[in-house]
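Enquirer: Residue-level listing of the chains:
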Amino acid sequence: EAQVTQNPRYLITVTGKKLTVTCSQNMNHEYMSWYRQDPGLGLRQIYYSMNVEVTDKGDVPEGYKVSRKEKRNFPLILESPSPNQTSLYFCASSWTSGSREQFFGPGTRLTVL
Amino acid sequence: TQLLEQSPQFLSIQEGENLTVYCNSSSVFSSLQWYRQEPGEGPVLLVTVVTGGEVKKLKRLTFQFGDARKDSSLHITAAQPGDTGLYLCAGEEETGGTSYGKLTFGQGTILTVHP
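Chains as they are written, first to last, in the numbering used here: chain Y, 2 to 114; chain C, 357 to 471.
Just so you know, the hints here were simulated from the structure itself, not pulled from any lab data. Please read all numbers here as calculations on a predicted model, not as lab measurements. Careful, some of the hints might be misleading.
Derived Cβ-Cβ restraints for the label pairs, each shown as a range [as the list claims (entries may be wrong)]: (1) Q370(C) to G64(Y): 40 to 48 Å; (2) K58(Y) to D423(C): 42 to 50 Å; (3) P40(Y) to G372(C): 24 to 32 Å; (4) L12(Y) to P395(C): 15 to 23 Å; (5) E397(C) to E80(Y): 39 to 47 Å; (6) R416(C) to R10(Y): 28 to 36 Å.
Reference excerpt, derived from the structure (chain Y facing chain C, CB under 7 Å, subset only) [said to hold, decoys possible]: (7) L44; (8) F91; (9) E102; (10) F105; (11) G106; (12) P107.
We treat Cβ as the ideally placed atom computed from N, Cα and C, and that holds for glycine.
Just chain Y, same shape as in the assembly (with noise of 0.2 Å):
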């Protein structure tokens, strides 16, 4: 089945507690994306790739790192989460041409106290 993995589904932490949430897909495809959602914000890209060893900002960065070492898995990076970085993620992948599907995860709800 094609699909986009997240986990931790769930994940409650500590300020300044390094963290990272795994994404993987199974479809080849060359981009892959994190969003943050939040009430009344929509979904905000954090970082892109567009292939492997390729990655690149996007709305709303600070805070967070992302690697692309194989093309199926992006791993998103805390260093040193903070309580403004509580909010629901998303990661998502799609061909870079054509219709530019996106695919989401099931997202991971990350609470920083």
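Using the hints provided, position chain C relative to the given structure of chain Y.
Expert: Just chain C, lined up with the frame of chain Y:
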């Protein structure tokens, strides 16, 4: 960053009513997508419109892309409780020839259809 203004932010209607959601920008988009998101899940694509003036129908849902490719609308006829959810529009920036264009999402419209 191009902005997409989506309205209304909230919509609460009775089953059988019609509704329209709007997505507006001052920027031109090469394409515009509409997604639906249910609680606890990621957004799922409903439709992509590419040509200015294009109209696409998906059962009771009608999507329109503005002639100038700066705006779009989603019209639902005879809404049903199963239509309840968050609707998001997303525009792909024009890139002047390259294959990739950044996607910008609107704020979303939370639709509730009461039986």
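Enquirer: All the hints need checking, so say for each whether the structure fits it.
Expert: Consistency of the hints with the structure:
With their beta carbons about 43 Å apart, Q370(C) and G64(Y) fall inside the hinted range of 40 to 48 Å. Between K58(Y) and D423(C) the beta carbons are some 33 Å apart, a value that contradicts the proposed interval 42 to 50 Å. One distance hint, 24 to 32 Å for the beta-carbon pair P40(Y) and G372(C), holds here, with the actual separation near 29 Å. L12(Y) and P395(C) have their C-beta atoms about 18 Å apart, which keeps the hinted 15 to 23 Å range intact.
Checking the proposed 39 to 47 Å range against E397(C) and E80(Y) shows it is violated: the Cβ atoms sit about 29 Å from each other. Take R416(C) and R10(Y): their Cβ atoms lie about 32 Å apart, and the range 28 to 36 Å holds. The interface hint given for L44(Y) is met, as the beta carbon of that residue sits about 4 Å from the closest beta carbon of chain C, less than 7 Å. Nearest Cβ of chain C to the Cβ of F91(Y): about 5 Å, under the 7 Å cut. The hint holds.
For E102(Y), the shortest C-beta to C-beta distance to chain C is roughly 5 Å, which falls under 7 Å, so the interface hint holds. Below 7 Å, beta-carbon pairs count as interface contacts, and F105(Y) has one with chain C at about 3 Å; its hint therefore holds. Here the hint on G106(Y) is kept, as its CB sits about 6 Å from the closest CB of chain C, short of 7 Å. Evaluation of the P107(Y) hint against chain C yields a held restraint, the C-beta minimum of about 6 Å falling below 7 Å.
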